[in-house]
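Model the full assembly from the supplied sequences, consistent with the hints where possible.
Going by our numbering, the sequence shown opens with residue 54, and the numbers climb by one from there.
These aren't lab readings, by the way, just hints derived from the structure by calculation.
Everything hinted at is true.
What follows is a list of derived Cβ distance ranges for each label pair:
1) Q155 x H183: 29 to 35 Å
2) D206 x Q155: 43 to 49 Å
3) A117 x A218: 25 to 31 Å
4) G135 x G93: 33 to 39 Å
5) G176 x Q136: 15 to 21 Å
6) A138 x M203: 21 to 27 Å
7) T150 x G73: 33 to 39 Å
8) Q88 x N193: 17 to 23 Å
9) K152 x N193: 27 to 33 Å
10) D222 x G104: 38 to 44 Å
11) L101 x E211: 21 to 27 Å
12) R149 x V90: 29 to 35 Å
Small disclaimer: the values here were computed from a predicted structure and weren't measured.
Note that the Cβ used here is the ideal one computed from N, Cα and C, for glycine as well.
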Amino acid sequence: MSNSDFPGWHGTTIIGVRKGGKVVIAGDGQVSVGQTVMKGTARKVRRLSPGGYDVVAGFAGSTADAFTLLERLEAKLEATPGQLARASVELAKDWRTDKYLQKLEAMLIVSDGTDLFVITGAGDVLEPEHNITAIGSGGNYALSAGRALMDSDHDAEEIAKRAMAIAADICVYTNGNLTIETIKS
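Dropping the structure here:
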């Protein structure tokens, strides 16, 4: 598949919710190739612990590309312990300027329990305005549902679960097999 054939955001849904002193990142387990579901229980949300500093990351896009980016992020975090914002900006700079990294087709949501960022191959490090963000083919559905639930009495995990359930009901590239990681500030 060439870069021009890459389906962009299709293939998964990842949501990040910051509320009540914690951040929850949840992702579905569906892996699709074209119109075929190849696997329903993939883990697209991972806990990284470079140098004992906990970070949770979720990815959408090519799995191999995402793992390359996660390894690079870990290296940046080891070089700048406790500075997720700095490590994220450094990764985004490399991603934007390195000819090899420019070909990577993935997006990341990352959090250390305090900061919550989306990192893209366009060189963006975006912090959500409303303490919630989502990526992937069902990202806009999950984001809309989650934003509607933010003013409720639900905690971050319940908001993430409910938003992902709604996305799974709407998006054919998203299923209800969730991986959920919570990190406190």
